[in-house]
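Respectively, the protein sequence lines represent chains S and G.
Note that numbering that gives the first Met the number 0 gives residue 3 to position 4 of the first sequence, counting from 1, and the numbers run on in steps of one.
Note that numbering that gives the first Met the number 0 gives residue 196 to position 197 of the second sequence, counting from 1, and the numbers run on in steps of one.
Read the hints as simulated data drawn from the structure, not as lab findings.
Fair warning: there could be bad hints in the mix.
Copies of the same chain look alike in the list, so a pair counts if it works inside one copy or between any two.
[Unchecked claim] Here are the simulated DSBU-like pairs of lysine-lysine, each with C-alpha atoms no more than 35 angstroms apart in a straight line: (1) Lys89 x Lys146; (2) Lys117 x Lys87; (3) Lys209 x Lys146; (4) Lys209 x Lys89; (5) Lys128 x Lys117; (6) Lys117 x Lys209; (7) Lys209 x Lys128; (8) Lys146 x Lys128; (9) Lys117 x Lys89.
Bear in mind the structure is a predicted one, so any value in this text is a computation, not a measurement.
Number of protein chains: 2
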Amino acid sequence: MHAFYSPQLTISCREVQLPASESRHALQVLRLGVGDRILLLNGHGIRAEAVLDAVDNRRHSTTTCRILQADAAPQPQPHITLFIAPPKSKNIDAVIRTATELGAAAIVPVLCRFGVAKPDLDTIAHWTKTVIAAAKQSHNPWFPEIKAPAAFADVLEAADDHGFFGAVPEPADALPSPAALPVDDQRQTSLWIGPEGGFAPEELSALLAKGLQPLTVGQWILRVETAVPALLAVVLDRCQPHQRETAE
Amino acid sequence: MHAFYSPQLTISCREVQLPASESRHALQVLRLGVGDRILLLNGHGIRAEAVLDAVDNRRHSTTTCRILQADAAPQPQPHITLFIAPPKSKNIDAVIRTATELGAAAIVPVLCRFGVAKPDLDTIAHWTKTVIAAAKQSHNPWFPEIKAPAAFADVLEAADDHGFFGAVPEPADALPSPAALPVDDQRQTSLWIGPEGGFAPEELSALLAKGLQPLTVGQWILRVETAVPALLAVVLDRCQPHQRETAE
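Assemble the whole structure, with the sequences as input and the hints as a guide.
If you want it as structure tokens, here you go:
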């Protein structure tokens with residue numbers, strides 16, 4: 000079933016109008032019509048099965064949907080914030096799609112010493128569109144929130160002190176070996192991903208001083224498009240209940 | 000340091016010639032010259048630091064490298080075979096790159112009932128090039144082996160019975176809940192990834208009957224480009240020694 004973004008949708012709605020861009024996508028691209036069933040997502044956990052009730056077949060900009068049933072999806076556990084040094088624009092789209100599919104709660108662009116991109120407001124607006132597209136494709140009713148970019152030191156100071164950072168695997172790595180998170184910290188966590196080549200030495204020291212744990216997967220150098228899904232998945236898996244039971 | 004593929008390289012070599020395509024890449028694209036240091040990988044675990052000793056500056060097809068030091072990297076543990084229903088060609092390249100970076104030992108294209116691609120020999124040759132490119136970028140000296148495509152039932156019959164398959168997360172999923180692998184099975188394992196929309200019901204039954212375990216990460220639908228790095232990373236992490244210690 001095709002999913003659409005409906006910011007109007009609440010748990011008690013009987014009917015919604017699709018936003019004009021969603022309406023055009025439904026009618027012009029997907030060629031849906033009256034009677035077709037769709038999934039609606041409001042981005043904050045509410046989802047609904049609905050049926051197209053009235054459509055504007057000329058301008059395609061108006062679609063009225065009758066709600067068949069709505070529910071509130073529980074917020075995914077753990078609540079993961081992805082702190083990321085934005086890579087080049089082609090790669091950040093892949094990263095945002097992936098983080099949305101895997102259910103990150105928030106994405107924070109972090110300006111690191113060796114970072115290559117400094118996103119402006121237009122870029123952030125584009126990322127929001129990428130989040131919506133990925134959430135619709137993956138049926139994720141909780142859209143990750145994209146925060147304003149900020150400098151590494153400021154973000155770290157304000158951040159929670161539980162979580163992980165992606166470390167470059169090195170044979171002579173002096174970092175302490177990774178360990179599972181304590182059980183009571185697993186409902187809220189974070190993942191920090193540095194720029195290509197890794198964090199600067201003073202950034203690494205600050206992450207460790209904050210109490211964040213280095214995390215690697217495999218033995219080789221990962222591109223950011225691989226590091227984000229791989230490390231997010233490991234953090235999710237380590238915090239899942241069956242892993243907790245194993246650890247207890 | 001830039002890495003190059005050298006099938007000639009052995010642990011005791013003093014000198015190698017780069018293959019012509021690698022030589023052209025070094026001299027024409029990267030504009031390396033005599034005295035520049037490079038990393039050589041033979042694809043079977045041997046890697047060497049070398050220095051460009053003599054180059055053909057006219058045709059760029061000959062580069063002689065003097066070996067400074069060579070070593071044999073231990074084969075990564077666990078030995079993971081990725082069984083995959085090949086997606087569309089644009090996506091399979093992303094999957095092969097990712098599996099190479101994360102250190103999969105072998106990639107087996109599996110022809111499933113709902114699969115969309117049937118790779119021919121040209122396609123397999125192209126995948127081999129993708130493996131080499133990704134291995135060089137990630138400095139992985141163990142290139143994953145790409146096997147010939149075969150039908151689901153034949154591959155499953157010949158396959159090892161330890162491992163996981165990517166399951167589509169469903170609220171009403173009747174699959175048994177995932178559990179950590181027994182400790183003594185963690186040196187050799189497998190990951191099966193089905194086509195878009197998941198395995199056919201009879202394929203799912205066969206995977207379960209073989210003893211393979213369903214694995215999901217997050218709660219939403221993953222594209223294959225996300226599912227492969229996410230699930231490979233979870234399998235790697237669950238089989239890492241520190242996870243074994245946690246489980247014991």
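Hints, verified against the model:
In this assembly of identical chains, lysine 89 and lysine 146 lie within 35 angstroms of each other by CA distance both inside one copy and across copies; the values are 19 angstroms within and 31 angstroms between. Taking the closest pair of Cα atoms, lysine 117 and lysine 87 come within 35 angstroms of each other both inside a single copy (10 angstroms) and across two copies (33 angstroms). For a Cα distance limit of 35 angstroms, the shortest separation of lysine 209 from lysine 146 inside one copy, 21 angstroms, qualifies, whereas the shortest one across copies, 46 angstroms, does not. Proximity of lysine 209 and lysine 89 under a CA criterion of 35 angstroms is satisfied intra-copy only: 31 angstroms inside one chain copy versus 41 angstroms between copies.
Taking the shortest alpha-carbon separations for lysine 128 and lysine 117, both the intra-copy value of 18 angstroms and the inter-copy value of 34 angstroms come in at or below 35 angstroms. With identical chains, the CA atoms of lysine 117 and lysine 209 are at most 35 angstroms apart within one copy only, with a shortest distance of 24 angstroms there and 50 angstroms across copies. Proximity of lysine 209 to lysine 128 under the C-alpha cut-off of 35 angstroms is restricted to the intra-copy arrangement: shortest distance 33 angstroms within a copy versus 42 angstroms between copies. Proximity of lysine 146 and lysine 128 under a CA criterion of 35 angstroms is satisfied intra-copy only: 14 angstroms inside one chain copy versus 39 angstroms between copies.
Proximity of lysine 117 to lysine 89 under the C-alpha cut-off of 35 angstroms is found in both arrangements, the shortest distances being 14 angstroms within a copy and 29 angstroms between copies.
Checked against the numbered hints above, the structure violates none of them.
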